Amino acid sequence: MRNVNCNILDADDSMSQTGSKIDSNQLVSASFSVVFGDGTANGTVKIQASNDPFNARYNAVNSFTPTNWVDIPSMSATITSGSPAIISIPNMAYRWVRVVWTRTSGGSTTINVNMDALSA
Amino acid sequence: MRNVNLTVLSGEDFEDEAGIQIDANQLVSASFHAFFADNQAEGTFKLQVSNDICNDRYNAVNDFTVTNWVDLPSYTVSVTAGTSALITVPFMTYRWVRAVWLNTGTGEQTITAIADTGVKQVQTVTTIADTGALEQSDITTVADVASSLNDTYFLFSSANDTTDYYVWYNVDGAGTDPSLPGMTGIEVAIVEDDTADNVATASRAAITTAAGADVVVTGATDHIIITNILTGVTTDTADGLVPTGFIFATVAQGAASNLNSTYFTLSSVNQVTKAQKNFYLWLNINSEGVDPLVAGRTAIPVAAAAGASDSTIATAIRAALNGLTDDFVASGAGAAAIITNEAFGPVTVAVDGAAPTGFGFGAATLGVTSNLNNHYFLINRAGVPVPSGGEYYVWFNVDSIGTAPAPSGKTAIAVAISSGASANTIGGLMATAIAAANGSADFSASNLSGVVTVTNLQAGPFVPASDFNSGFTFAVTGGGNSTITVNMNALSL
Chain A
1 MRNVNCNILD ADDSMSQTGS KIDSNQLVSA SFSVVFGDGT ANGTVKIQAS NDPFNARYNA
61 VNSFTPTNWV DIPSMSATIT SGSPAIISIP NMAYRWVRVV WTRTSGGSTT INVNMDALSA
Chain B
1 MRNVNLTVLS GEDFEDEAGI QIDANQLVSA SFHAFFADNQ AEGTFKLQVS NDICNDRYNA
61 VNDFTVTNWV DLPSYTVSVT AGTSALITVP FMTYRWVRAV WLNTGTGEQT ITAIADTGVK
121 QVQTVTTIAD TGALEQSDIT TVADVASSLN DTYFLFSSAN DTTDYYVWYN VDGAGTDPSL
181 PGMTGIEVAI VEDDTADNVA TASRAAITTA AGADVVVTGA TDHIIITNIL TGVTTDTADG
241 LVPTGFIFAT VAQGAASNLN STYFTLSSVN QVTKAQKNFY LWLNINSEGV DPLVAGRTAI
301 PVAAAAGASD STIATAIRAA LNGLTDDFVA SGAGAAAIIT NEAFGPVTVA VDGAAPTGFG
361 FGAATLGVTS NLNNHYFLIN RAGVPVPSGG EYYVWFNVDS IGTAPAPSGK TAIAVAISSG
421 ASANTIGGLM ATAIAAANGS ADFSASNLSG VVTVTNLQAG PFVPASDFNS GFTFAVTGGG
481 NSTITVNMNA LSL
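Just so you know, the sequences run in chain order A and B.
Residue 28 in this note's numbering is what sits at position 28 of the first sequence, and the numbering runs on without skipping anything.
Residue 204 in this note's numbering is what sits at position 204 of the second sequence, and the numbering runs on without skipping anything.
If you are wondering where the hints come from, they were derived from the structure by calculation, not from laboratory data.
Quick caveat, the model's predicted, so the values are computed rather than measured.
Hints are supplied without guarantee of correctness; some may be wrong.
[Unchecked claim] Taking lysine to any residue and the SDA-like style, the derived pairs with C-alpha atoms no more than 20 Å apart in a straight line are:
(1) A/Lys21 <-> B/Val4
(2) A/Lys21 <-> B/Leu6
(3) A/Lys46 <-> B/Thr83
Just chain A, with the same shape it has in the complex (with noise of 0.2 Å):
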């Protein structure tokens, strides 16, 4: 087992935001920590999943665009005036994950999502 630590949204809080894909092969649970640079952003954050088929042998995991997104039941937070958040997920069970930042009000600088995942 090891750690997969990373950061895996950098962006403008003032307007909703969606994550790049993450593939979550091989992670067996995740949690996702949500920081914002002010105190004004009110909102939502969620993990989506997908899971697009993806055949390693013909694809390059870099140039795959899953379609297919779908929010995963009870892992959203709500933010009031900037506060952190987070979600953990026990069982990564996707093929693909993504955190989504949908903007109600505020912010005026930046939201950031840090991963920590389990891997096998």
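Given chain A's structure and the hints, the job is docking chain B onto it.
Here is chain B on its own, set in the frame of chain A:
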């Protein structure tokens, strides 16, 4: 650990589907993502599992067919409007698993009708009575007594004094024509001591012969009743300077007609071209009228007697307009003629003519063009591509003056409606017409407040109804119309 990532169900979302049996051996956990190619799918997405024994030593996994499936409790998602669904199974302690889609959609679509805007122009014309009258006199003769009537005479005139007559008596041929200047003489030959009746009889005959173009002579016994043929002010009948001694009574004073040869203009809508048609309605009183010949308009002559009442005039006008069955319907009572155009659409309101009738012209309910006449939308029998003969167009024939638009390759479903019909009325008629298509084999349809729900009677996907120019709105409401895909990703040992 490794990932197993594949499509485990690919099927039609308008039917029940079961995915492939997944060999869950070595799988630790898994998620199943169901998504649809449309946004109408309705049903239940669930997982079923089986622990049917497959002994790898004796059975090839790929050849083994699971026979006993059971729903995995709590791993069921209700799908509406084709929303994606995700089921995550944290502990995959089952030998076999599969994804199942249970369609609850009924292949329905709704068509929301709008009201027809067509209005037939309506205007009330209130007539007045004719003032015309025919002069009529009743003359009572006396008997001749020893040639007492010889060379006597009396006077009468045609309407408007166009011709002045004198009637003189020649007893036994001894009389002399008084030859009154500017007047027309009528000789009545009698014999001495003729009775009053004989005098009257001879007078009636002589006057009829000489002045029959101007007057009608009736009466009996000793009466001579002279009635002018035309209307107009007339000098009353009177005795001459050499008097007869008869009694002269004016029964009716002649008077001019106020309506004769007058007219008003009105217009209808051509049922085919929808262009305005222009008319003038003119009054011919006592057959004395002269057609005013209004340029660019068609004459509607209405005959009436001199002195006709306003009600009689209105009745005659209604009858004349109702004879123009493509243009007008006239109703009303008394002096009112309520004129309704046969076809919807705006036209110039009725107004009095240059030779005015003096009628009253009420404010018109202005006509409005129909927004639905000859317009249509498309609807299709179930099947993709649409089976031959299964492409329909539903068109609206408003007031029975529409023309089928006949788009190429499509079968007509005509819906006959009245101009100004409400959305609800149109919906009801439309539902009946659609349900009757192809011997009622393709659709069932029902209406609720102008929203028609159409259900396909043939199985399979369908090309939803769509508008051409009806302005109606369309929605597929009863389930999916394309595909469901379920992708699994599993963590495997």
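Violated constraints from the hint list, given by number and in increasing order: none
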